[in-house]
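Read top to bottom, the protein sequences are chains A, B and C.
Take 1 as the starting number for the first sequence in my numbering and just add one per residue.
Take 1 as the starting number for the second sequence in my numbering and just add one per residue.
Take 1 as the starting number for the third sequence in my numbering and just add one per residue.
Hints are supplied without guarantee of correctness; some may be wrong.
Unchecked claim - The calculated BS3-like cross-link candidates involving lysine-lysine, where the alpha carbons are at most 30 Å apart (straight line), are:
| # | chain 1 | residue 1 | chain 2 | residue 2 |
| --- | --- | --- | --- | --- |
| 1 | B | 74 | C | 77 |
| 2 | C | 326 | C | 425 |
| 3 | A | 381 | B | 40 |
| 4 | C | 71 | C | 12 |
Calculated directly from the structure, the hints in this document are not laboratory data.
Here are the chains, one letter per residue:
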Amino acid sequence: MRELVKELKSGELLPSEHLEEVIEKIEEREPRLNAFISLDVEGARERAKELDKLVRSGRASGLLFGLVLAVKDNIAVEGMRLTCASRMLENYVSPFSATAVERLVREGAIVIGKTNMDEFACGSSGETSYFGPTRNPWDEERVPGGSSSGSAVAVAAGMSDLSLGSDTGGSIRNPASFTGVFGFKPTYNLVSRYGLVDLAMSLDVIGPFSPDADGIALSMEVMAGPDGRDAGVQRSLSFLETFDAFDPEGVRVGWGEGFLEGVEEPVRRHFERFLNVLDSIGAELVELRVPPMEKVWPLYYLIMYPEFASAMQRYNGLTYGLRGEGSNLYEVIADARGKGFGREVKRRIILGTYLSMERYEKSFHERGVKLRRGLRAEVKKLFEEVDFLTSPTVPFLPFRLGERLDDPVKMYAADALTVLANLTGIPAINVPFGREGRLPVGMQLMGRWFEDDRLVAMARFLEGRG
Amino acid sequence: MEREYFEHVVEIARIKLSEEEKERFFKQIQEIFSLLERVKEIDFPEEYEEPVENPLRKDVPEPFEKDPTIVFPKKRGRYLEVPRNL
Amino acid sequence: MRIGFEIHVQLKTESKLFCPCPTNYWEAEPNSNVCPVCLGLPGSKPHPVNEESIRKALMVALSLGMEVKPKILFLRKHYFYPDLPSGYQRTSTPLAVNGRLGKVRIREIHVEEDPGRYDLKEGLVDFNRSGVSLIEIVTEPDMTSVEEAETFLKDLHLLLTYLGVILNPSVVFRVDANISLEGGERVEIKNINSIESVKKALRYEILRQKRLLESGRGVKRETRHWDEARGVTVSLRVKETEEDYRYMPDPDIPPVSIDPSLVEELRSSLPELPWERKERFVREYGVDRTVADALVRDKALGEFFEEKAGEISPKFWAEFLTSRLKGELNYRGLDFSAVPSKEGVFLIAKAWHDGRITKEAAVELLRKLLDGEIGDVSAEIEKFSVVENVEDVVREVVEAFPEVVEDYRKGKKAAINRLVGEVMKRTRGRADARRVRELLEKLLS
Chain A
1 MRELVKELKS
11 GELLPSEHLE
21 EVIEKIEERE
31 PRLNAFISLD
41 VEGARERAKE
51 LDKLVRSGRA
61 SGLLFGLVLA
71 VKDNIAVEGM
81 RLTCASRMLE
91 NYVSPFSATA
101 VERLVREGAI
111 VIGKTNMDEF
121 ACGSSGETSY
131 FGPTRNPWDE
141 ERVPGGSSSG
151 SAVAVAAGMS
161 DLSLGSDTGG
171 SIRNPASFTG
181 VFGFKPTYNL
191 VSRYGLVDLA
201 MSLDVIGPFS
211 PDADGIALSM
221 EVMAGPDGRD
231 AGVQRSLSFL
241 ETFDAFDPEG
251 VRVGWGEGFL
261 EGVEEPVRRH
271 FERFLNVLDS
281 IGAELVELRV
291 PPMEKVWPLY
301 YLIMYPEFAS
311 AMQRYNGLTY
321 GLRGEGSNLY
331 EVIADARGKG
341 FGREVKRRII
351 LGTYLSMERY
361 EKSFHERGVK
371 LRRGLRAEVK
381 KLFEEVDFLT
391 SPTVPFLPFR
401 LGERLDDPVK
411 MYAADALTVL
421 ANLTGIPAIN
431 VPFGREGRLP
441 VGMQLMGRWF
451 EDDRLVAMAR
461 FLEGRG
Chain B
1 MEREYFEHVV
11 EIARIKLSEE
21 EKERFFKQIQ
31 EIFSLLERVK
41 EIDFPEEYEE
51 PVENPLRKDV
61 PEPFEKDPTI
71 VFPKKRGRYL
81 EVPRNL
Chain C
1 MRIGFEIHVQ
11 LKTESKLFCP
21 CPTNYWEAEP
31 NSNVCPVCLG
41 LPGSKPHPVN
51 EESIRKALMV
61 ALSLGMEVKP
71 KILFLRKHYF
81 YPDLPSGYQR
91 TSTPLAVNGR
101 LGKVRIREIH
111 VEEDPGRYDL
121 KEGLVDFNRS
131 GVSLIEIVTE
141 PDMTSVEEAE
151 TFLKDLHLLL
161 TYLGVILNPS
171 VVFRVDANIS
181 LEGGERVEIK
191 NINSIESVKK
201 ALRYEILRQK
211 RLLESGRGVK
221 RETRHWDEAR
231 GVTVSLRVKE
241 TEEDYRYMPD
251 PDIPPVSIDP
261 SLVEELRSSL
271 PELPWERKER
281 FVREYGVDRT
291 VADALVRDKA
301 LGEFFEEKAG
311 EISPKFWAEF
321 LTSRLKGELN
331 YRGLDFSAVP
341 SKEGVFLIAK
351 AWHDGRITKE
361 AAVELLRKLL
371 DGEIGDVSAE
381 IEKFSVVENV
391 EDVVREVVEA
401 FPEVVEDYRK
411 GKKAAINRLV
421 GEVMKRTRGR
431 ADARRVRELL
441 EKLLS
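Let the sequences and hints guide you as you build the complete structure.
Structure (structure tokens):
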């Protein structure tokens, strides 16, 4: 990605020229893929013209100069709609931008549009959007994964250079795996969440998609670090420096059977190949007793549901969003929420409300918090023996549209291997690793808290080895 | 899980559901609930939590430069207008 | 009878609790002190907690003798209402516990954010107030009469005034009262906005409950709403009371540690508290307890007293302020802040004290001053001034009539009348006879 930036700064390739290439790709593929909810082609063109001027006057600067950026539609971009792929916010325009977006734009990125997603990030397939499903560019009858479906597809199909998504239970890594691109989930509290619409506050993060590892390091260099608005973000990291100096020789990578239960055959096979590649680049493979993810992954839902129900309390259709009708306050609000939300969102809110009622508080929530702390302790111990952990990203290959849609439990199974990183807060990345037929396969690498820079650097050595 | 309590929860959640939706959700939610029961089977020997600090903010006022009331669906003057006499 | 309160006080800070919006909601254009955070817009997150809110809350806790907790958590209290844009209120766990004000124990104090203002009849919402810092003071039900309740609230308000923690001077505080009578359950009355209303609400409720108990129908546990316009408490409909607030620690706000050195700093720098000042006035100025109490109850009056107490007899001055001035102010329905010229008040008092004008003249001048009829106080005093130096005339007379003085000292008390008469003659009757007598008595003792 840095090569491209160099070209754009030098005048070899004008930002406006590059933008037109991207727009062409969008015109070609977007009608079928449906990766975007909002496009701002004119705005992007104006911005590109400004950047051209800078090139001509020799003042081109910024780490992301001229790169085309797509932003998931649950991340605020000032002046653009922030729909979260929901009828509730269909016409809602955000008066402010997320910190992450501000920083990327300040470094020269051009926002081309807001990408499609599962409604309010509730999904792992990209099928629950009010604006219609997104399709997998490698097989248009199959899902691209979710919930950051459009952002993954935009990058995979050349409709943007970089994109932003959010990851709560795997929502960046999952679609990255299904579409064959790098998708990165940073350590919780490394990137400001200011401007990210909440799904589950203690799990959500913003993260980048890129066709190469270099693009991940580049965008993270810009986005990471405190901003005075998100109290939790207190540390920063130097991604590029680590990226350029890293040597995988002697690095210890752990894996375990607990990460392979429920994983389908073709994916298992590729995982074994992945282990071989790791070995070939000098890593030391260590088999460990890892937590049995088949048993552990429900913990994610236990934590997520109540937080989600709380996050959704603000959508009453009064201050903003879809107005409801009725003869009293109760009816007006219930009507707005009934009409404005899709099925999965409603189901999760009810479940979350259930789990937060005083009656269930003690038996579920407290237990969930305790288990989460226990899981963290387990992972901490694992990282005393290894530097990275690895597993497949998703237990199965991209499935057909509609196949799992009305079976929530089956749908949830997609997250089985990704939730560990969200529950514990550790960084994790999807490394695109070859194909099964036409379908992309992805492998996951996880690292220690706040060693994101090393993780991304490591991922580079696995690039293109599939 | 009693049906009556389910109705109560739906009320608290303030979401208008059709009878058909209620039926479907009630069933699916029971399934998910039994899935969640799985967490009662796992246990870990130790616990760990990263200590997070929360430094306080200096009391300096800073008006928001834009006018965020553009998001109001209905206004009367500078007020947000909502249905009357609810 | 047991009465307890939950009192909400808006804290005087420049910016809101979780965002830097200004806090002067009562004078700002509607919805102009707002931002994505206090409007609960999608994607907004709370900024770090306002330091000044914690400081002021701690000051209140310390002045109530409370034990401060080492850290607090913010919880989300969920419910739906037009003035609550996030759909939840952020409210903290107790900041301090186990305090006392007079005979009333304070159970705990915690910090929370204010919602906006919703005009139900008009269907209008103004979010300027949304996010302003509040403390909630929870008492034990230790008050056993309406009088005790009133005393407590007045004492509390006075304390908060002395601490300088109240944001909006025209909003005393908001009170939820709870009351139970012997044989009945506890009833909570929500949202009472003045001490007078609290008295009315309690009296109404006591009557209502007494009737229910006497008729055998019993008093059940419930929450009621005080209707100021109709002067009654009204039962809230079931739906509104059967809320499950689903309290949840706010994942966006890490626990706030309360720095012990901050607590110590605040403890040692608390301003003088009302009861401390009262004791000091009695001690330092020899003022009567009741008079001291009156001076302390009106902070500005007490401060004015002290400002001038070095230039005039403190007891005289205190008496002048608390009965003369206060009397005239009360009659006119004014308070001390309405006095057009404080200096003028002092000059009048001094002139009377020195005997340059009579008491009647002083009262008349004071009335004219308060009614705005005097421009130049000194000039007016001159007009009424009888004698420049009454004290000098008194001394002259004492020197001129040593035998009379001797008689007086020997025990013939009536002899003083002769001297008073002489002073009055020399001042052509314009001196204040009572004052002359006082001055003579002082001189001759």
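Hints that the structure is at odds with (numbers, increasing): 2
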